[in-house]
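Number of protein chains: 6
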Amino acid sequence: MRQDNRATDALRPVQVDFGFQPHAEGSVLISMGDTRVLCAVTVEDRAPPFLLGREQGWITAEYGMLPRATHSRGRREAMSGITGRTHEIQRLIGRSLRMMVDLKQLGPHTLRVDCDVLNADGGTRCASITGAALAVREAIGHMVANKRLASMPELLPVAAVSTGIVQGKALLDLDYSEDSNAEVDANFVICADGRWIEVQSTAEGTPFAPAQFNALAELATAGVEQLFAKLW
Amino acid sequence: MRQDNRATDALRPVQVDFGFQPHAEGSVLISMGDTRVLCAVTVEDRAPPFLLGREQGWITAEYGMLPRATHSRGRREAMSGITGRTHEIQRLIGRSLRMMVDLKQLGPHTLRVDCDVLNADGGTRCASITGAALAVREAIGHMVANKRLASMPELLPVAAVSTGIVQGKALLDLDYSEDSNAEVDANFVICADGRWIEVQSTAEGTPFAPAQFNALAELATAGVEQLFAKLW
Amino acid sequence: MRQDNRATDALRPVQVDFGFQPHAEGSVLISMGDTRVLCAVTVEDRAPPFLLGREQGWITAEYGMLPRATHSRGRREAMSGITGRTHEIQRLIGRSLRMMVDLKQLGPHTLRVDCDVLNADGGTRCASITGAALAVREAIGHMVANKRLASMPELLPVAAVSTGIVQGKALLDLDYSEDSNAEVDANFVICADGRWIEVQSTAEGTPFAPAQFNALAELATAGVEQLFAKLW
Amino acid sequence: MRQDNRATDALRPVQVDFGFQPHAEGSVLISMGDTRVLCAVTVEDRAPPFLLGREQGWITAEYGMLPRATHSRGRREAMSGITGRTHEIQRLIGRSLRMMVDLKQLGPHTLRVDCDVLNADGGTRCASITGAALAVREAIGHMVANKRLASMPELLPVAAVSTGIVQGKALLDLDYSEDSNAEVDANFVICADGRWIEVQSTAEGTPFAPAQFNALAELATAGVEQLFAKLW
Amino acid sequence: MRQDNRATDALRPVQVDFGFQPHAEGSVLISMGDTRVLCAVTVEDRAPPFLLGREQGWITAEYGMLPRATHSRGRREAMSGITGRTHEIQRLIGRSLRMMVDLKQLGPHTLRVDCDVLNADGGTRCASITGAALAVREAIGHMVANKRLASMPELLPVAAVSTGIVQGKALLDLDYSEDSNAEVDANFVICADGRWIEVQSTAEGTPFAPAQFNALAELATAGVEQLFAKLW
Amino acid sequence: MRQDNRATDALRPVQVDFGFQPHAEGSVLISMGDTRVLCAVTVEDRAPPFLLGREQGWITAEYGMLPRATHSRGRREAMSGITGRTHEIQRLIGRSLRMMVDLKQLGPHTLRVDCDVLNADGGTRCASITGAALAVREAIGHMVANKRLASMPELLPVAAVSTGIVQGKALLDLDYSEDSNAEVDANFVICADGRWIEVQSTAEGTPFAPAQFNALAELATAGVEQLFAKLW
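Residue numbers (our numbering), protein chains in the order written: chain R, -1 to 230; chain Y, -1 to 230; chain S, -1 to 230; chain U, -1 to 230; chain Z, -1 to 230; chain G, -1 to 230.
Hints may be right or wrong, so weigh each one.
To be verified - The calculated EDC-like cross-link candidates involving lysine to aspartate or glutamate, where the alpha carbons are at most 20 Å apart (straight line), are: (1) G:102 with Z:42; (2) U:167 with U:7; (3) Z:102 with G:181; (4) S:102 with S:43; (5) U:102 with R:181; (6) U:102 with U:136; (7) S:102 with Y:202; (8) G:102 with Z:202; (9) R:228 with R:15; (10) U:228 with U:191; (11) R:102 with U:202; (12) R:228 with R:136; (13) G:102 with G:53; (14) G:102 with G:181; (15) S:228 with S:7; (16) Y:228 with Y:136; (17) Z:102 with G:202; (18) R:228 with R:216; (19) Y:102 with S:100; (20) U:102 with R:202; (21) G:228 with G:32; (22) U:228 with U:7; (23) S:145 with S:100; (24) Z:102 with Z:183; (25) S:102 with Y:181; (26) Y:228 with Y:42; (27) Y:102 with S:202; (28) Y:167 with Y:15; (29) U:228 with U:15; (30) Z:102 with Z:86; (31) R:102 with U:181; (32) U:102 with U:43; (33) Z:228 with Z:191; (34) G:167 with G:43; (35) Y:167 with Y:183; (36) Y:228 with Y:75.
Said to hold, decoys possible - Going by beta-carbon spacing under 10 Å, a handful of chain G positions derived as facing chain S: (37) 19; (38) 21; (39) 25; (40) 76.
It is worth saying that the hints were derived from the structure and are not from the lab. Since the model is a prediction, treat every value here as computed from it, not as a measurement. Cβ coordinates follow ideal geometry from the N, Cα and C atoms, glycine included.
Turn these sequences into a full structure, and let the hints steer you where they fit.
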């Protein structure tokens, strides 16, 4: 059993609250255990400059973490600039969300997604994707309701979970203490029909066998099924 | 009567929640109406370099606003750098909080205060000071409980309110729609014994008579008395 | 008596020289005692982008200090970036000068004001405002003379003084040695008809009573009257 | 058959030249087809500050691309700052190389690896890892020869290949024209015993089935075997 | 005799290779002894904004050095920003190349020249100019071949050499060990008809007599003649 | 005759005022015609870090220009960062001043020289060097008077002049209107014994013959002799 008495294949309690940032076209506060991320979607009525003349929309993301979201205070990125880790995460979130909808159907709009970690206990990038996907759905519904979009486009639900190998055991949805001791770390972004959008698997201390990777992939698949059942 | 049926000398509903960021030595989520600010205090066991050999502590503050805290999305300061407005506000918060305690009694510690606006509806700098003062008190209590400080120093409670003149009328605790139409804007940081710590009064469109300033000062004095009664 | 034998309510000697930077539409070198600030106004024949379509002009300011204006050399901001203090001061100067003239009467022009401190002995932000207001007047006259503006708009003269409480006494126009020992510091930007444009009052070491603030306000009022009498 | 008549499971011609940057402790110019990357390893005789007292060494990497390595000139990052893509790649290279050797056996040394792309035709991050691994081996040999390290530590050979799905077909070692048309993109960092160090698989236009991922993994496994046979 | 048995007036072996960066309109890899610089020219079909309406073209240059081009690794400028030395060199290269051609004849085009030092052994700025001039010639030929320019404009061949005084002796084309011991350092940019484009002569430890300067000028004149004979 | 009726070999009126920045150990306001530069020298009682253990001092310079020193306002470098031109000039000033004194005799001190252009009418870098050399002399005298240095070291007087070819004529000490029309531009830093410290000669529009360079050198030699006669 794990420290919080979870089974190896159990998610932490998940909760989503809509409307925390009432100015946003889509706003979701998602909690995965003690990890809490505020996701906001802003809709702009034009495509970004690099898509001019391409008759399609765009979804892009920014990610941040409040300085005291973590055990010891981190430097405020507004002071120190964006770290490499932040760059990497916000690129991942943006790529994942762009799979949710045919960008041509989105029309000449830009959806700017902000994911801000209010408290961190492992899995912040996965919680960001899972929460932001719901906020994107809300924002697109808002566009339709406000005639900024003629009709609701087909959406592909997306969610993400972390997995890892800790002391030789494959675990689903690692908290911070597990994550910081993991030998292997694998994040999966998966859509509701079971196809994969993104896989990132990293040896943290020792390389891993393909069979170990497959065990993690199975845990992840079962994990996102639970998320889709609860949240979509 | 004002748009939300408040009297000219009435505060918006105030609420404080402790412990939202559990890693922090002091954590307060303060709401003044729809303005919500997350205040966290981090305690470091050394004075800042510029005070070396001075046998005293320090309190400093940083301020930020989530991009979609506002009606239209603002640029993320981690991307664009700190604005002049942010610099000005965080300097004000730091100066105000340093009045709360004799810095020599604080010993060789640095308190880093983070005020992050989750949602903005006017008065964010005042809400930051009022909330952060409570978080400082919690953090100093935490220091005593953990023997990082021998005994509780005497604290001077501090709170702040905004006032302004809108369509010729002096109003207490302006929300965003009032603030953006104010002819005069005055923020007061006041302590529990009625003395003033900081006054900033600005003509937004037209200069004001000293008597008008005095009317605002009276509103502010009565306003912080209510805050001290509720929160301290 | 004060160190330089001034009465508590006396200004330091004030002097203004026009034309030090001959390329500028308005140029004033102002001295308040040993504080010397070079103020230049540049006129551009278009409003700033954020005012497009609003049929009005704009006045904005930048402030700097030469590295060896002070006792010990400061870092050159061109190397280290703008400090929070600089941001705060240049915002104050800009706000104050915009009260001088109806911006609609100014037409689609931008006045860029540069205030550069050549030598610092306290009160640099106040000297900047007092000197820059004269340079703005000169620049607007230059616009009229050059047909960039049809007629002279009505100007509201503006000046600023510092005050403070040092060893319990209220003093006007603090020099550096007084300023660095002040318990309370208050800057007033006042216009020629006695109305106030901006008040910033800060407890430097101990909070202050409203009555003390009022004493400072009286000193400031009398101080700016002398400035208007001499300079306008 | 592919545009250059390669089989779907064939690598492009690989070539490595040692000593191009003679000042470096390890220097490899690697070509994978028209992709050419200059890899240099610099050895410093101290661990990085964050490892002080931990009795181990460190390997870290930086990645760059000459402005005209690509079809259209890119902005020089020395002017524009590091992009998110660069951050992501150099973090990947560093993580991968740190798997090559027990960092405790490396002793208190830092190996700084520079990977600079002189010409780009797809797969630059994989070529960087494959080339840099050889340069690390050379640098560690240099350390032993110069008594900076007592004996040769055991090295785990590492190499990387790109794979992808283009027009429904799984391909090994994509060139630029293939890469820019790929539906799925997967990079594998694999060690000589067949275990995996890092997997990054991304849907470029459409999600992919786990079976497709497995086909790419097979191609990659066979690809790195050829690299180890030729280069190690 | 010098360390490498060269006569005082002898150049190091020079070699140029075209086409190393095949995407560029002009690409030259130049070696002067162990100094190797990769020069690329990119042609854009518009003049820079500051020349709008002036009916002429422009040539501009950027210069960089790979971190391990030198004995000890330098900081990557993409991380640390451009140094003053880099600014100075790239301005010199740009000025020199703009003398090669009548910019009116170049038409509304911008030639962006990148000079990247792959290995450094003294004289990198001179090698950059000499190599880049050849790459500019190639790029302009490419423009004519591709009808981006109606006919070949007249070109003024340009080359540069370093000279210096080492232990009292005037030397041509200093390598790093000579350069770092030079008392006087003089770089000459000269055109094929013997006229000068740029001279920079600096006392490194002791001022120099005009006669010494003249001796260096003679060496340089003979040196560039050899370069023109070999390369143009 | 020139626009201001000067002979081709005549300097503009030169004037120096000491003590404009009274806090500085050396302060000179130099005017060369309408070019006015404020030079300040700050003495620090330690060598810079890169000279630790070398038992010598250092002289370094920074250069700036007030935004409205020029005909049209320039961007404030504190906002936009240092330009390449500024880097180049401040490196030149520092190199030139370091020739004035044996740095070993200077002891473990750093002299920081600030040259700030208050008004610009051509030749600002030369005026900076000429004025700063006098301020360095004053600062070293101040060090001796205050026992920070045991005795006055031998000083080599240094001055600089600009020369150029305008409409085919060689001119001394160009003002802005001449400078902006010059075909060739040459700056000479020369010491009192006639030796040269730095020569920078640049073709602005057309290459120049060595004989033309020699004519400029003669003008410069005679020009600095006048400066030494007047100022040292």
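Failing hints, ascending? 1, 14, 19, 24, 26, 28, 30, 34 and 36
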